[in-house]
Amino acid sequence: MSAYSITEPSRRAKLVAGVLVCLYAFITLLPLLWIISTGFKSGPDSISYPPKVIFEPSLEGYVNLFTTRTRIAPEALAELPPPETFYDKIVRERDMVIAGPSRFGERFMNSVIIGFGSTFLSIFLGTLAAYAFSRFKVPLKDDLLFFILSTRMMPPIAVAIPIFLMYRELGLSDTHLGMILLYTGVNISLAVWLLKGFIDEIPREYEEAALIDGYTRFQAFRKVVLPQAATGIASTAIFCLIFAWNEYAFAVLLTSGTAQTAPPFIPTIIGVGGQDWPAVAAGATIFLLPVMIFTILLRKHLLRGITFGAVRK
Amino acid sequence: MAEVRLTGVSKAFGATKAVSAMTMTIPDGAFVVLLGPTGAGKTTTLRLIAGLERPDQGDIAIGGASVLHDTPAQRDVAMVFQQYSLYPHLSVRDNLAFPLRSPVINMPEAEIAKRVEEVAKVLRIAHKLDNKATQLSGGEMQRVSIGRALVRQPRIYLMDEPLSSLDAKLRSDLRIELKRIHADLGATFLYVTHDQIEAMTMATHVGVLDQGRIVQFGTPREIYEDPVSAYVASRLGQPRINMLPADAFGPAPAGATSIGLRPEHILQGEGRPATVRRVERLGDQTRLLLVLGPHELITLADPHTPLSAGDAIAIRPLSPLWFDADGHRIQGA
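From first to last, the protein sequence lines stand for chains A and B. Numbers 1 to 313, taken from our numbering, label the letters of the first sequence in order. Numbers 1 to 333, taken from our numbering, label the letters of the second sequence in order.
Pulled out of the complex, with its shape left as it was, chain B reads as follows:
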């Protein structure tokens, strides 16, 4: 378990800058989630820390010492790839034991067997241990791939969308399991995901990436409630934040060009008249698609709301987020 520090790290592939001047500290024992669209540099960041890519500039330190000249094996990190790359010529058991048999760890076979059984039980693949890696379903492969990281106790776990191909039930179970491992072992995680729930429930810190740069780093609540830009604000929130011209509801603070409204920023029952275009009943929540003049916006309503398409409803903003022409947040407005 160790702190990981990136200082001014840049990496370009040809003309594409995957990561530019990234500075970030992953505190010891933290669970850091990286958010960002495809191409923002999330995976490259993981590969740089793992040692699969060499940075063009900058320094990477694990546990206080630079690892720039260390091989991936020497860095003592575990990684779960997005494309779960199980060794196809080995059984599930041997796949899980593979890291423990490495010359770096070289664990006695009896202990390997015990560790493999433990991890297999946690990931519910114990009954598949003697299968060939190629005879598994996608979800099972993904779990073996996670298991191959969890058998070890590396200085940091790097995970690249590890739960993306699992079904909803398994995903929520493994979310809890990963969180438990994090809490029990005090392990350090750097975790890439697109999933808002994973980010909000597991992360101690969230880093939002845009074109290879960290644009905001903070707790999930900070990122959600106090985003520095419209880009960050749009990364979290289900349904997504509504972006409207600043004057949609009347006077705006100086410099503001747009107003950002999360569902909780929309007070229903007073203010401007809007029309309900569609009502989506999701069970635990109900989404309203509203039309306000030329604009559309999505908000939430009571699950048992009597509203239906065509109804009129009055709305007004309630302490919304304001952004300037460049998308930067106007603080304190």
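This is chain A alone, in the form it adopts within the complex:
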């Protein structure tokens, strides 16, 4: 009989678990693979039935995403000098010329500014508030915390019209600042509650030791509490960013020109003769990248247990 340990799962259990995990990962990743592959299909391939798994890759979607084009007569096209760039060439194959850049770059930057701006503000305010709730005697602490949480109980769209009117009066409609404040307002409850949990777990002894070691409370907060709350701050930041990045309803309602974010923009990409699915998919693919990169960068901090065990409990 082979040696086995009680704590170590058996070979068969591991195999079953492995297969299940792979299956789950495949199901979860399937829509993602679909979007990424559609971005590289040509227009006809993208709507062919049955869907093509093997296809000839094309950059048409990406070119259409970043440009606006005009159709010209084949005779006029023939008189033009030969195409200078690969994207000129792709566009001319469809009897068109590039008229200028699209607004996608601008909308994408709006998403970056508003998403990261509101995430930063939520974390900044949330960390300070969570620290105060965790450490100080705040009058009506429980009621205040419940009030903060209660802002999350109502579906955001229920307050869409009052917010629309307020923003119009205040001149915040279709501004970066307005969207940052709005997303911060929605995220702050999540940030305070999550961060309070993390800060509660940091023993007070560390700050007390720092106070005696000659630091002020704020210095102790910065040098001792913040580094240990890094894990919590990182995971909270990811949640805040994902919400602000993906938010659609308010973005449709409150932005149109200057501050429009990518989510309301992407579905409006219309090609000649209907929806330009490869361009939409290309936009969605690029739109996925920042959150993915941000999550990968902060992944290290998501692993708990960095601070485990230095205080005897």
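Derived from the structure by calculation, the hints contain no laboratory data. Be a bit skeptical, because a hint or two may be false.
[Stated by the list, open to error] Derived SDA-like pairs (lysine to any residue); straight-line CA-CA distance at most 25 Å: (1) A:Lys223 / B:Lys169; (2) A:Lys223 / B:Thr134; (3) B:Lys179 / B:Glu117; (4) A:Lys223 / B:Ala15; (5) B:Lys132 / B:Arg155; (6) A:Lys223 / B:Lys17; (7) B:Lys128 / B:Glu161; (8) B:Lys114 / B:His182; (9) A:Lys223 / B:Glu109; (10) A:Lys223 / A:Glu201; (11) B:Lys132 / A:Asp200; (12) B:Lys179 / B:Thr43; (13) B:Lys17 / A:Gln219; (14) A:Lys141 / A:Lys52; (15) B:Lys17 / A:Pro203; (16) A:Lys141 / B:Arg54; (17) B:Lys169 / B:Pro239; (18) B:Lys132 / A:His301; (19) A:Lys89 / A:Phe116; (20) B:Lys17 / B:His328; (21) A:Lys137 / B:Thr204; (22) A:Lys300 / B:Lys17; (23) A:Lys223 / B:Lys179; (24) A:Lys223 / B:Thr16; (25) A:Lys300 / B:Asp94; (26) A:Lys137 / B:Thr16; (27) A:Lys137 / B:Ile214; (28) A:Lys89 / A:Ser58; (29) A:Lys300 / A:Phe239; (30) A:Lys223 / A:Arg204; (31) A:Lys300 / B:Leu90; (32) A:Lys52 / A:Gly197; (33) A:Lys141 / A:Gly197; (34) B:Lys132 / A:Lys89; (35) A:Lys137 / B:Pro273; (36) A:Lys223 / B:His182; (37) B:Lys179 / B:Ile214; (38) B:Lys169 / B:Ile214; (39) B:Lys17 / B:Ala2.
Could you slot chain B onto chain A? The hints should help.
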């Protein structure tokens, strides 16, 4: 280095009185040990002096000036916590340097490095300086925690059972080391412990606490030989003092309800007959568990005593301590 004076200091947490009307002077350069069971207010006393708690009443003065409105940093005290709270995100070296880098001290880096090396050598953690604080054993963490206090020269060192989690060898080495620091620097210490040997060997003064009050303050010998109450008498002494009804050996002084017998108060070979129930040979000493009528008592015998369980032995008290019904000592009896 400075004198620390507590005047009528009280502190309550809700309905629990942690410290009540405590008045105590820790002389400059003294090594004061606080003794008392859990909940007697030892740790709260340290925290009040450090400035981590604000007293409800009374005054705390360090070096002659009240520090009630000073922050812990301004008080210039060092503290070793019972739960050694090392900064987990820093290396051992940075943990030790942390107090020296504070805005209050702001020492040049070269000097910090020298001080850290010195202290690390004394505490035998020099080889661990570049480890993360979380990669240490319990005993090593405790030493780093002591080291973080010793790198400084504060007006008073506050230590809350700093040696409790160390092994016996290290404990006795560090006892000597702390005593040396005390003697060399003339530093003032306020030290909380349960350990009788630490109290007897290191202290210049012992304060015995009971429910937030100082019940006796004096030299270790005074506390041991001349306790004011049965409670104080039971704080020191290994094995513990035997408490028997006053008439166990015959007539007692007026008012006495119990007789306290330390091992040296029990003369063997004459007096009342007792039976040996158990003999514990500890090497350097041998403990006898005796039965006298309905009472049990523990005393010491010669390490090579031929006595064994079941033997008969005669005992009588030799200048014992007498206590009244409230546990107060009856002086001069």
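Are there hints from earlier that the structure breaks, and if so, what are their numbers? 1, 4, 5, 6, 13, 14, 19, 21, 22, 23, 24, 27, 32, 34, 35, 36, 38, 39
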